[in-house]
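Colleague: Residue strings, one per chain:
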Amino acid sequence: MAMYDREPIRLKTDVLVVGGGLAGTNAAVGAAEAGASVVVMDKGKIERSGDIGGGVDHFLAYLNEGPAWDTREAFLGYVEKVGRGTNHISHIESLFCDELPAAIERMARIGNPLTQPDGTYYRTASMGQPGPYWINFNGKLLKPRLARAVRKLGCKVLSRVMTVDLLVDSGHVVGALGFHIHTGRFFIVEARATVVATGNTNRIFENPRGNPFNTWLCPYNTGDGQVMALRAGASLTNMEYMRLTMLPKGFAAPGFNALTGMGGRFMNSLDEYYMEKNHPLGNRAPRYACVMNSLDEMRAGRGPIFIDCRHLSDKDLDHLQATLGYDKDTLPDYLAQRGEDLRKHPVEIMVSEGMQAGPTETNGSGIKIDGNAAATAPGLFACGDAADHNRCVHGAVTGGFRAGKSAAGYAKSQNLAPSEMIRNTRERMDRFIAPLLRGSGYPFQQIEDTIRKIMSEHVGMTRTDLGLRKGLEKLERLAPHLDDMKVEDLHGLMRSHETRSILTVGKMMATAARFRTESRNKPYHYRLDYPETDDANWCGLVVVQVKNGGADSGFQCSFERIVYKSH
Amino acid sequence: MPMVFDYERCDGCGDCAAVCPGDVIYLKHDAVRKRPYNRYVDECWHCGSCRQDCPQQAIKVTFPPDMLCT
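Quick mapping for you: the protein sequence lines, in order, are chains D and H. Using the numbering used here, you'd call the opening residue of the first sequence number 19 and step up by one each time. Using the numbering used here, you'd call the opening residue of the second sequence number 145 and step up by one each time.
Wrong hints could be hidden among the right ones.
Claimed, not checked - Heads up, simulated DSS-like pairs for lysine-lysine below, C-alpha to C-alpha not over 30 angstroms straight-line:
hint: 1; chain 1: H; residue 1: Lys178; chain 2: D; residue 2: Lys174
hint: 2; chain 1: D; residue 1: Lys333; chain 2: H; residue 2: Lys204
hint: 3; chain 1: D; residue 1: Lys267; chain 2: D; residue 2: Lys540
hint: 4; chain 1: D; residue 1: Lys158; chain 2: H; residue 2: Lys204
hint: 5; chain 1: D; residue 1: Lys30; chain 2: D; residue 2: Lys174
hint: 6; chain 1: D; residue 1: Lys362; chain 2: D; residue 2: Lys295
hint: 7; chain 1: D; residue 1: Lys333; chain 2: D; residue 2: Lys471
hint: 8; chain 1: D; residue 1: Lys362; chain 2: D; residue 2: Lys471
hint: 9; chain 1: H; residue 1: Lys204; chain 2: D; residue 2: Lys504
hint: 10; chain 1: D; residue 1: Lys158; chain 2: H; residue 2: Lys178
hint: 11; chain 1: D; residue 1: Lys488; chain 2: D; residue 2: Lys504
hint: 12; chain 1: D; residue 1: Lys158; chain 2: D; residue 2: Lys170
hint: 13; chain 1: H; residue 1: Lys204; chain 2: D; residue 2: Lys267
hint: 14; chain 1: D; residue 1: Lys471; chain 2: D; residue 2: Lys492
hint: 15; chain 1: H; residue 1: Lys178; chain 2: D; residue 2: Lys362
hint: 16; chain 1: D; residue 1: Lys158; chain 2: D; residue 2: Lys295
hint: 17; chain 1: D; residue 1: Lys504; chain 2: D; residue 2: Lys540
hint: 18; chain 1: D; residue 1: Lys295; chain 2: D; residue 2: Lys99
hint: 19; chain 1: D; residue 1: Lys158; chain 2: H; residue 2: Lys172
hint: 20; chain 1: D; residue 1: Lys471; chain 2: D; residue 2: Lys267
hint: 21; chain 1: D; residue 1: Lys267; chain 2: D; residue 2: Lys295
hint: 22; chain 1: H; residue 1: Lys172; chain 2: D; residue 2: Lys504
hint: 23; chain 1: D; residue 1: Lys540; chain 2: D; residue 2: Lys295
Said to hold, decoys possible - Derived coverage of chain H by chain D (criterion: at least 3 residues anywhere in the stretch with Cβ under 8 angstroms from a Cβ of chain D; other residues may be distant):
hint: 24; segment: 156-168
hint: 25; segment: 177-191
hint: 26; segment: 198-208
Think of the hints as simulated: they come from the structure by calculation, not from any bench. Every residue gets a Cβ at the ideal spot worked out from N, C-alpha and C, and that includes glycine.
Just need the whole structure built from these sequences, with the hints factored in.
Modeller: This is how it looks when you write it as structure tokens:
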């Protein structure tokens, strides 16, 4: 059997969606409902791919149910408070607030409402919120139901196709190139508009649990779309932020937000409730503050650390018991097999691996988008964790739909013209397949472990100019060895391309972190040589682009100031 | 051993392999039928999609000692 077929399959469409997770499927629905023909390409199968494939239990929203905190204005005040200097409020308004009522209605229409079986909302507060913005719901079948909606709308879904590059013609993004990870067949999709929805970057820092795939967010999200967009000439922002969170010890499962939302208390090994001592909002402080204080406890030798839920009412504990598996299907199994019992004793927790992701729950990092989800490269749109003003479940559902709708509108004004780039893809296909044909070389794991070591030692929780410079030097030294990777099969070929993306994201992250000579949302960007937050000079976005239009050979940073109305 | 397949219950439909977001699960063919197995066992995210979608309830999750005992 030939390892790959040199004759690609060619498709034409109005809108191509790269990545079929929560944001991508919502984008497909948005584009198709606007009348566009749609192709979705995904490394997995859209019924279960992406961060919430196995389920989800939370959606962040205000509902205008009466209280002062439950309004658009109060919500935007919260967005500014936790994410000052990392987002344009006007973008959050158009991508999230303007889309929210339709999103809530759509969730119900596809068969996965945000309400409880009795029709009410179950709401909790944590992470610095002025009121209970988290809506708890059962999203275990959200992806299968969305996938059903996507297929019903007539979208063409290419499963197990990894997108490896965007097609660019005279500066316009005109589609993408991908290969099937089981057959090796290449796909060339010409599109009038392209939406990138490939998530954030994981597997980029050393993993405290050893296995690099034991990650909080989906380990198969490796920044591929952001790197493709960068190469296509798009700008990226917020790439300096290394996101961290709190997890059950040993298993990077999401779902523990629910514990603090219900009133769980962070505790150290001296039985002290350290968040209550160290932050005015206590256990409900913003996520980065919980992480920072937990790191301080560990560094001071007061670990192990725990979440204590013993004081919660039986009713609340019953609710937790029943819903913990909504966010991570296997979390209840894990806690049971580990002998943990929320009712009987505090549950041991830890700080997660680092990841490249947005600095708050309400805005992201990656492809720079405007209020219509359009990137700076014409023809390109972005949403979900791959975009800089979209994040989390609520962002993917609202912003994803908006991106699809905007792409469909843009597509109407464009003609498909087979470009030189599209005709001349043979050489690129040969390049992408090279690790499979190489006689000898390094496994992707060896290169990736090296990236993680460099990132953790130089671009991690504490940063200095000299350390970042050394880190960048090492990443540059490693870069030529990407071409020494050898893989045994098409699955490995997919992983080796992910490794390439991870290295490029690492270089962007170090470059942007060096450029921002202040600290913001510590420890997500903590410069020991500039430990204070400097709003006078750094309230805004670090914008990253390729230098001189060249790919992977270095980046240039610029600064985009953000002015907030309230100050 | 993240996902454990009960070959007595499994009817070889392949839904688990199809939905696995990490392309971790494959089917092997013997003389009689197809059976799923973890081809890239270290790459499992423990998302539970395969277990949820298994029409025969033939999949269990067993966490490895490096996760349970540290």
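Colleague: Go through the numbered hints given earlier and state which of them the structure violates, listing their numbers in rising order.
Modeller: 7, 8, 9, 15, 16 and 17
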